[in-house]
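Colleague: Below, each chain spelled out in residue letters.
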Amino acid sequence: MEKPIYTLEFEKPLRELSAQLDQLRQRSEENKLDLADEIAAIERKISATQREIYSSLSPWQKVQIARHPKRPYALDYVEALFENFQELHGDRQYNDDRALIGGTAFFQGRAVMIVAQQKGRDTKENIQRNFGMAQPEGYRKALRLMRLAEKFGMPVITFIDTPGAFPGIESEERHVSEAIAVNLREMAMLRVPSIAIVVGEGGSGGALGIGVTDRVLIFENSYYSVISPEGCAAILWKDRAAAPQAAEALKINADHLEKLGIVDEVIPEPFGGAHNDLKQSADALRYALLKHLNDLRALSVEQLLDTRYERYRHLGVYEEAGATQH
Amino acid sequence: MSLFSKPQYSTVVVKKKDIPKGLWTKCPISGEIVFNKELEDNLMVVPKSGYHFPIQARARIAALFDPNTFEEADAKVRSADPLKFVDSQPYPERLKKYEKESGLPEAVVCGTGKIHDLNVSVAVMDFRFCGGAMGSASGEKITRAIEVALKKKIPCIIFSASGGARMQEGIFSLMQMAKTSAALGRLAEAKLPFISVLTHPTMGGVTASFATLGDVILAEPGALVGFAGARVIKETTKQTLPPGFQSAEFLLQHGLIDQIVSRLDMRDRLRDLLLALYVGKLPAANAKS
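Here the protein sequences line up with chains U and X, keeping their order.
Count along the first sequence starting at 1, add 1012, and that's the number in our numbering.
Count along the second sequence starting at 1, add 120, and that's the number in our numbering.
Since the hints were derived computationally from the structure, they do not count as laboratory data.
Check each hint, because a few of them may be wrong.
Below, simulated DSSO-like cross-link-like pairs (lysine-lysine); rule was C-alpha separation at most 27 angstroms, straight line [claimed, not checked]: (1) K358/X <-> K1250/U; (2) K220/X <-> K1250/U; (3) K401/X <-> K311/X; (4) K1136/U <-> K358/X; (5) K204/X <-> K1250/U; (6) K1136/U <-> K354/X; (7) K1250/U <-> K216/X; (8) K1271/U <-> K204/X.
Which chain X residues face chain U? A few, computed with CB under 8 angstroms, are given here [to be verified]: (9) V206; (10) M295; (11) Q296; (12) A298; (13) V352.
By construction, the Cβ of each residue, glycine as well, lies at the ideal position given by its N, Cα and C atoms.
Put together the whole structure using the sequences plus the hints.
Modeller: In structure tokens form, the structure reads like this:
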């Protein structure tokens, strides 16, 4: 087993076991002892513990995996699945947002437009990428690229991974809310197929701002929510520490979202999270993307627009004259 | 907080004490004492200072339309509890409380009527019901108001007043942003005007969807309008917010809204705008009914 460099709280038993295993191996080598039986026992224990931990993850534990610093980010998938990615910069108005990027690329030999929220791998890159929190310019660049895709008949593939749109003075002064709102309206009217993939965090309006697509896919441990579990806990439980309860109550995990009809497909992840095997995660995504793109390509523009409108038109549950409506 | 300090800027802060009770009310800007009857007759606008107290949806509607022309629609659309949400109390209990407090079944009242003889489809949000938070039912009512405008080829006007999305309906609340915005896309395609009126307060998911998609965006004086709340901005960025930040006046200066319009002038101003944008453009549409 590969040594975990970064361990989540609930993975601690695994870290301890793996330390024991290392010690045994070292002792066996140094003292030329045959500890094969002991080593095998610990290895069995490790895989049993793994199964125990990872097959019954709580909503909050999944959020931890979605935020894992080793989790594959959009550009990891772009590199794994696409050829000749050409990043296109800037909103042509103010700035180039490094938290929301995009450009042309080829998927299985055909041109597509990538629009992606990107977090940083280390502190330096995170500062540059504003921890994946886009400003108005990011959303306006995204719209520019999506219109470019429309003009040249390319499907749009968006990667969602943000704690939320940036809440700051500059963001408000340049009207991040308007930038998101315009994207919602324009994405609903876009005359080319579109697919969104929630690869990590689907943080509220900041996520939806590139998420009004024909299909929405989500990785198994990703979440998509109207508010962060901590934010919800602070307001409704008056205590940020109630985030685990909030995560459960909000039904933000992939399996819930599929049941609620919000997402079209859950992309499976390797045991313990996508970071444990990027290739396996990317292969699963390739397979799903190919299938959905083919389905969408078969539709006329009118069918595409009508189906997309209906998809969002019917999201919601309310009562009318005593009956529950969807 | 000092009781007697003058507010630095005109952003309205809705507190329990701002909701008039008893016979008279004190204006938070000028300190003048206004009789409640006089305040209500003046659409909750303090006559001398022009301070705008929040107004109830039904009172706004009564003042907005030509007499006896408003027909309420979808009054039976109400919130459900799709997530079986429980925090300190179950969501259905909260809904009952909101209904009792506001006298309304939902945070949006919608319908059609005439403003200076022009047929319009209107949705009015009421902050008293769950802080105007948008859930499935309010999103549905707003979407229907837009679709009615589209079907009847008449303008749509939405008065926003909302703290944002309704957390107890989780992801469904978020999706109302997409639903309402998609409907506005169709309205725009049909070249029918949408006028968005921002009233105190309009925040979060409502600002980031239909409220900022108006062909014309108006705001009432002193209305607080923004995406993130002041507390969240401070916590995230440690920035000190400038005076008047996120007020209607601030947003006019920063180019988001077209005009600040007193509630007392709203009916006339809407007519003036619709005369320019709409009347004569689609002659058959507004002649009927």
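Colleague: Would you mind marking each hint as holding or not holding in the structure?
Modeller: Status of the hints after comparison with the structure:
Between K358/X and K1250/U, the direct Cα distance comes to roughly 21 angstroms. Compliance with the 27 angstroms bound is thereby established for this hinted pair. Annotation: proposed proximity of K220/X to K1250/U holds, straight-line Cα distance about 24 angstroms (limit 27 angstroms). A hinted pair counts as satisfied when its Cα atoms are at most 27 angstroms apart, and K401/X with K311/X qualifies at roughly 9 angstroms. With a C-alpha separation of about 19 angstroms, the suggested pairing of K1136/U with K358/X holds against the 27 angstroms cut-off.
Simply put, K204/X and K1250/U have alpha-carbon atoms about 20 angstroms apart, close enough for the 27 angstroms limit, and the pair holds. A C-alpha spacing of about 23 angstroms is found between K1136/U and K354/X, which places the hinted pair at or below 27 angstroms, so the restraint holds. Distance restraint check for K1250/U and K216/X: the Cα-Cα separation of roughly 21 angstroms lies within the 27 angstroms cut-off, and the hinted pair is therefore satisfied. Under the criterion of a C-alpha separation no larger than 27 angstroms, the hint pairing K1271/U with K204/X is consistent with the structure, at around 14 angstroms.
Interface hint at V206/X: satisfied, since its Cβ lies 7 angstroms from the closest Cβ of chain U, which is below the 8 angstroms cut-off. About 4 angstroms separates the beta-carbon of M295/X from the nearest beta-carbon of chain U, less than 8 angstroms, and the hint is met. With a least beta-carbon distance of about 6 angstroms to chain U, the hint placing Q296/X at the interface is held under the 8 angstroms criterion. The beta carbon of A298/X is positioned within 8 angstroms of a beta carbon in chain U (closest approach about 5 angstroms), and the interface hint is therefore held.
Residue-level restraint check for V352/X holds (minimum Cβ-Cβ distance to chain U is 5 angstroms; threshold 8 angstroms).
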